[in-house]
Amino acid sequence: MSDLKQELKEKIIAQLNLEDITIEDLQDDTPLFGDGLGLDSIDALELIVLLDKQYGIKLADPKEGRKVFETIQTMADYIEANRPK
Amino acid sequence: MNNQYNINSYCRITNQKIISDGEILLERNPDESLSDFLKTIYRKSEANYPKFFKMDLLSKSAFLATEFISKKESLWETNTALLLSNRSSSMASDEKHAQAIYGAEGAASPAVFVYTLPNVALGEISIRHQLFSENLFLIFDKFSPETLVPYAEQTLEENKAEKVLAGWVEADENQLDVFIYLIKNEGDTKHTIENVQNLYLKK
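Just so you know, the sequences run in chain order A and B.
Read left to right, the first sequence gives residues 1 to 85 (our numbering).
Read left to right, the second sequence gives residues 86 to 288 (our numbering).
In isolation and in its complexed conformation, chain A is listed as follows (with noise of 0.2 Å):
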């Protein structure tokens, strides 16, 4: 799962072009969106294209977006619970 957290971040910083961003400052528990790291509406965008092209995973409802893409945490628990076996 650390592995997992880990390459996520490394995946989101270069995927958003978060040049000012490192990997120590994205906690486990970071909020991606809002107050946290401040992503915006095409980052979501870009964020369920990166579950279907690295994870194999189709997020069909966007609603469900905003509980997996809380933070890093919730991400990586959402993809190992979702993506292929």
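The hints are simulated quantities; they were obtained by calculation from the structure and are not laboratory data.
Careful: at least some of the hints might be erroneous.
Said to hold, decoys possible - Calculated Cβ distances over 10 Å to all of chain A for the following chain B residues: (1) K136; (2) W161; (3) E190; (4) S194; (5) L202; (6) G208; (7) I224; (8) Q260.
Unchecked claim - Partial chain A-side listing against chain B, Cβ under 7 Å, derived: (9) N17; (10) E19; (11) D20; (12) I23.
Positions of the beta carbon are idealized from the N, C-alpha and C atoms, including for glycine.
Following the hints, put chain B in place on chain A, whose structure we already have.
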């Protein structure tokens, strides 16, 4: 047109350097890519605006030139019309988008797709400076002050704006050809086609 308007400030970005009102602010290290050169300019601007890194080169270039102009004449929440132009529209982002769809990835990137219109650069400037003003992005074969100058002046004469930010923004991985200038009542240089052309051509 009455000739009461002036060029208040301007910023020029080329492959070699960035000039603001005649002063060279930075020269590009020959080893630096144009993309990295824009990041160096961003750091010089001290903008502290992380969204910059998400922009395409067209928006980054327009954003940065405007940033230096706004240091001299604040644009924040002003009625400043935007009138930009270029030759290639959003071609660089359009190509990236096409490659994402038809290439090995086989899927569009939302972050690329949002920049597949040139007027998104106007939106980025408007968001940065909280502008709710008129804006227009025109496509020409070459820099065309003979269209920009009368259009900007008409906008001012009709009281549609207090200032106009106008210019040319051609930007991709191989070329930075950016010239943005601010037109208003006050300024040292008369806003004429000849003066605008001369500032654009000035090295």
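Which hint numbers does the structure go against, in order from smallest to largest? 1, 3, 4, 12
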